[in-house]
Amino acid sequence: MTDNDTRGSPYAPHTEAETATMLDAVGVDSEEALFDIPEAVRFTDELGIEPESERAVRRDIERTLSRNDDLTELLGRGHYDHYVPSLVDHLADRSEFLTSYTQYQPEVAQGFLQALFEYQSMLVEFTGLDVANCSMYDAATALGEAATLAQRVRSVSGDRVLVPAHLAAGRRAVLENYADGAGVTVEAYPMDDGAVDTDALEGSMGEDVAMVYAETPTVRGVIEESLSAVGDLAAAQDALFCLGSDPVALALLEEPASVGADVVIGDASTLGLGRSYGMGLGMFATHEDYLRQVPGRLVGAGEDESGRRAYTLTLQTREQHIRKERATSNICTNQAWVALRTAIHAAWLGPDGLVELAEDCVRYPQDLAARLDEIEGVQAPVHDRHHFREFLARTDQPATAVAADLRDRGYAVHDVGEHLLQVCVTERTTAAVDGLVDAVAEVAP
Amino acid sequence: MTDNDTRGSPYAPHTEAETATMLDAVGVDSEEALFDIPEAVRFTDELGIEPESERAVRRDIERTLSRNDDLTELLGRGHYDHYVPSLVDHLADRSEFLTSYTQYQPEVAQGFLQALFEYQSMLVEFTGLDVANCSMYDAATALGEAATLAQRVRSVSGDRVLVPAHLAAGRRAVLENYADGAGVTVEAYPMDDGAVDTDALEGSMGEDVAMVYAETPTVRGVIEESLSAVGDLAAAQDALFCLGSDPVALALLEEPASVGADVVIGDASTLGLGRSYGMGLGMFATHEDYLRQVPGRLVGAGEDESGRRAYTLTLQTREQHIRKERATSNICTNQAWVALRTAIHAAWLGPDGLVELAEDCVRYPQDLAARLDEIEGVQAPVHDRHHFREFLARTDQPATAVAADLRDRGYAVHDVGEHLLQVCVTERTTAAVDGLVDAVAEVAP
Amino acid sequence: RYEPLLSEKDTTEVAVGGDDSPLPDDLTRDSLELPALSEPELARHYTRLSQMNYGVESGPFPLGSCTMKYNPKFTEDVAALPDGAVHPDRPDDSVQGTLAVMAGLQDYLGRIGGMDAVTLQPPAGAAGEYAGILIAKAYHEANGEERTEVVVPDSAHGTNFASAALAGYDVVELPSAEDGRVDLDALEAAVGEDTAALMLTNPNTLGLFERDIEEIAEVVHDAGGLLYYDGANLNALLGRARPGDMGFDIMHYNVHKTFATPHGGGGPGAGPVGVKSDLAPYLPSPHVRERAGGSGYERYEPEHSVGKVHGFEGNWLVLIKAYAYIARLGDPGLADASAKAVLNANYLATQVDYEVPFGPFHHEFVASAGEQDAADVAKRMLDYGVHPPTTKWPEIVGEALMTEPTEVESKRTLDQLAAAFDAVAGEDDATLDAAPHETSARRIDQVAAARNPRLSWQALDDGS
Amino acid sequence: RYEPLLSEKDTTEVAVGGDDSPLPDDLTRDSLELPALSEPELARHYTRLSQMNYGVESGPFPLGSCTMKYNPKFTEDVAALPDGAVHPDRPDDSVQGTLAVMAGLQDYLGRIGGMDAVTLQPPAGAAGEYAGILIAKAYHEANGEERTEVVVPDSAHGTNFASAALAGYDVVELPSAEDGRVDLDALEAAVGEDTAALMLTNPNTLGLFERDIEEIAEVVHDAGGLLYYDGANLNALLGRARPGDMGFDIMHYNVHKTFATPHGGGGPGAGPVGVKSDLAPYLPSPHVRERAGGSGYERYEPEHSVGKVHGFEGNWLVLIKAYAYIARLGDPGLADASAKAVLNANYLATQVDYEVPFGPFHHEFVASAGEQDAADVAKRMLDYGVHPPTTKWPEIVGEALMTEPTEVESKRTLDQLAAAFDAVAGEDDATLDAAPHETSARRIDQVAAARNPRLSWQALDDGS
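Chains as they are written, first to last, in our numbering: chain A, -14 to 430; chain B, -14 to 430; chain C, 384 to 847; chain D, 384 to 847.
This is chain A alone, in the form it adopts within the complex (with noise of 0.2 Å):
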């Protein structure tokens, strides 16, 4: 092959002799003729995209991205950039992984079956529960996903979700479509001091309530400290407490199941991948008594014909492929790949490793508000509580301007209200925390 040969795909491999033997024994006399299309519907027209070498496709890219602004970015609220060591890269890159499809002949795939497998083990650890699958999207499809669980599973029937009035817009929107398909719909509770208010939340109870959620820490970095009374207002109606979490702050939190948990939710992907414009994976967690009721893939342990331990997709009657329209979700492309890194990256941590990691998130968004806050203009953090990455800090000049000023300097922070900022710090923007302080001490009096 030539880079600049486009006049064909680069990677079929045919050559005009071979093509022609092929075409020989099909029995027509040319590619075109294979194509069934009636005439009417046939596209004769040129699409309008240029072929390009793989070299220059890859120059105008970089150049295309190169117009992104170089920003040290302080931001947070739902998406997080944690250092992703280079192993997880090396060896989730293998092909044998990355190329690979959905394990259905899981005699070929016990590696990624067993990767999988280890991954849900991790989740179990993480979240106290009995059972986690192998990944959803995201975040926001998962609690959409525990939304529908939880019309499944109760005994009965409840057309409410409570959910905290401090939720990232995203995950409620995509709560919102998920929950309107299974009939049910979405509320605010209040927040007291960026926390649950567990009085108005306890107002709000009824027995019409199939579940409620709640966030630790929540959008704004809050670590939540009422989690147990928000399981007991939960059970005492029989319905499902949602927890919205990841696997960084539950290396430190209280362990889900321990507050009262039914269901884990959240962004597993905080290990493993970094920044990338918002792609997560979805953490999914739950008891063993609706594991007939879980959506998505599930890796089991079995044996094979040896007798030796094996791994394989199991529970598959609950999915698309075989339950059709009365499936637990129509979930099939997952996000097993990123699966695997996060499962890497958490091993690489190993159990020290996470703990730390967890206990400078709390660290760092504390240092840095209490520093914050001697700069005049400025008070932070907003909610008189722990936190985890990140916080708010109320600014005396309008937030928009400020955090306009602050990208003026080379930072992005979150403008989340009329004089709030919403700030988050890492191990991989802690560095460069002198000079924010710097920068905000300019341009917030």
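Keep in mind the hints are simulated off the structure, nothing from the lab. C-beta: ideal position from N, C-alpha, C; glycine also.
Not close to chain C: a few residues of chain D, all C-beta gaps over 12 Å, as computed:
id	residue
1	L410
2	E556
3	G575
Per the computed footprint, the stretches of chain A lying under chain D, defined by three or more beta-carbons under 8 Å from a beta-carbon of chain D, are:
id	region
4	-6 to 1
5	62 to 74
Given chain A, put chains B, C and D in place with the hints provided.
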């Protein structure tokens, strides 16, 4: 492991308990007790190297390297920048290749051996010679090895090696060292308008000449037109004719065997490596007659016990680990992995792609020289010859000043004489040529 | 060689909380118990696991309907470019590069599908179906219509049924005609005022082009329904026919099928959705467009947006690979990809000893294992070093072997595949039943595994 | 499964020259005949070849004297940084980043070896030896001395002999003492006014520290010779002893051994050379130093430079990996690497059934296969899924099994290795002779291959 753990080696897996068990088994109390080093030569100070996390090392090196200016390089003179397809990195980086050792246990190294055998075969096709080794360090050391080969194989001893007056200084300097150890002196023969002055060369010949070296293209990019004459002159004195070239050039130019070359050396990493601060791959091919005098490793085809074809390092009695001071060379570790990359790149291009690339290497400099020649204060090419990749341009202004002005405008060219620039253009830089021409038009008059 | 679980190599329980903790103990867990292994041990573990896995670079992967193409390496490098690693909540001005790529891909996909507007948000094909059905639903509701049914042919992908159900629709299953295509009479009977949409794959899962597509569109549109195109088989049509020209109103693209992004052992994929102009106001939010005046790109909320089907904006790392692939191939490459995919399917169909009903085929064919069990045939093919086709589906062919070689296989590889098919065709049931032998695991008892689900190392009987 | 040669898959001969050629036909070849294969075919070819190859991530690789460590993945990413991909002929001002890394590595290596100046130019260990000997030669010549001999112990690496010979020296082989170390009497007899240098490895190839190193240095220095340190075994001493403190004047470092750069199936390596200050003026050109006033770095030609041993400045892509490795480990990591390497060797030595003479060991030990053939033992160990040790060398131990696990092996892996050793120790000659069985090729007849050398596909009898 935690990435911040810098208390010991992150790549030593020992837990404290395992270390203790192992020390017990050995019968000592501590690791220190294992070091049988006399007190007087013990080092008890600090080396003074601070450990850092993987993340920090990556960040620091990235920052350090970013101090390199962002220049468009139009540089050659022995180190070239061809586009390396993505496939090369992805396949050569597979750990089974990258982290393997020399193939002393061929039964578990068939993959690398076969790849090297294929590489050798490609060089046989490029050169028309019978055998090629599976790598030397670079073109310069390959040239040095050719000189010692000439000493060994020549029937009568000769102590002169003739090289072109236009020869990269680094290549000549390395040759001088190898020649010196072999008791040979290196002499330059003159050039005529950038190419071998065959009359002058004839005058320099004598029976004390062990080897004549010529290059095509030369260090100035000139395609030699008198190679057969050089071969004849060498043959007449029973001197070896060593030709320097590279696989891209040899895809197009006269086959070395057809002009009487006895040895072909050069930088084979013009395929497969790209810019790497001068790192290369020494090509070395010669006649079957000299097989047992070849330096470096050779892969041969053989059979395994089941009668199937298998590959193995062969004729190892030439090598230092067996023949010691009587070995054909001191080389042990070579550039095998680069040879793998070169082979993948060559295979990716295929014969069509190689010829096309080589033809472009004639067209690009021709076109660029013509455009530069139209600029006031510039005459190009200096030599009225065919060129490959690069050429000399004469400037009315001092070349050093012109080169510096071009650098200020983002272009790096060679400054090779008081009023001489050298410019190299490949498919990687052809898109930058308009900008270069504009810049030259600004600074040259 | 058995590779132990990570947990069989090590588990270490570390205490959490205590004096050095930045949190009070009542907010922390007590301990965390996970494997603690070094990087060299992990490198060997996952390297070994990879060696027990078959990918596209291991050999042919002729899974019908799954379109397992070779994934060009350079697209991985493009996805890894650091400038693309940005947070989605940045203001538009600061991510013009990312938005330009997205707008570029929207444009490419629109051209390829004959659609007027394309969203990249759905993170997989099924999510695309779901988004598409949400769009249809919103459209009908905006028109004051309460349509409750989605019609799906019996030969359709399971996701079609499930996606319609997820959106709250009743699913009406449409029986296929004897020739394996849509039965027009059955369609007329099924479609009516309750019909929100008909979901259709074309060519269908038998590899057959729905020749009556214009009539089908007319029936659906006359009833006020919308026509939805399942893009799973789009690889058969590139540059030769476009869903938008056939009367489809909505479609999704499976970028890992048609545009060669790797399937990653299950995902991630991406399922962009294209619509005709009258449906564009219903696309998910945000959508990317060129700014008025051409000064770059912006994200905006379409007027009647259905909201969101992903928390952010989809699977960026997949989308950029698809963009690079399309840019590399362009018109001639895409057309050639389809030509060779169809040639390969037809050629292979002539080379296998199994009966191949129906035809003529586009990108895939469905052979019948006849008296043999198709699943057993698949297991036995593994012993011949190739990946088997999709089996036992679609059900319209008994003991189906649904085979799609794609354009990336050479004649030599197709001949090897045919030889594997034919070798197995000549073997007896006992041989098939005992297969596979040459794989890292022998035949796995999936029924037993499902009867006694053990889904984590914590659940293993031996406690390991 | 046999993987055909590329040439067995395809060869295509294309005509070169003709009307469209930019060169006249008399300057071009007539044709070029090579395989013409597509990217998917190549991806599978090389993937398959890789699967027939054993690397450090496949399992333990205890090759004595070769120090096959795990190669940290992040060092690959550092080497791939685009800012490092520059041409060596750029002016110093425009490559300050590259020069800073080089200066940094020179500094690290100087500290680690106890040397005053370090060149990074030699592209491998043997090239480092050669450069070091050239330095010694230039030094003596500058002092008006014509020394003609280099003394090398019989247990030394073959490269020591060959490198000295390449520089034009006569090699004097020094017999080892009964305890496997340098025989001081023999040394005194061998060293004299013709001695340019003694080349020594410490610990030596038996893993033994040369306890008399101070006396050795005195003998050599008193005779006016220089002491050269072969860095192959430096991994045993990191942070605990430095060649420069033991009296060595010149040394080379094997970065793929000591600093974990990958060996790449044979190379590339890098063989930096460190010298004491009085030898610094003889280092190869160019050398990197900080500019006066600290305003960055510059390259210069040392006053009495030996010239060059590489056309440019060595193997950059290897050097930067070594730099990253050292920066990651720092003092505690380097010291721990040595500690664990020595612990591993000593532990494994206690676990194998074969006789292990000599000791105490540092980084490696040499067991004896006794009545068994060491080469056969190695072949048989392959069947147990591990890589065997170096065999039949050094010759001071009969049927030597020269074993160096390095620090990266866990106790579990060492126990597996010991089990493999011990299983083979209990087997009979016939079993060993027939091994290996479990490898991609069975025992290869190397004698026959050498007798009838076929070194290219063109040379194969079948013409394939």
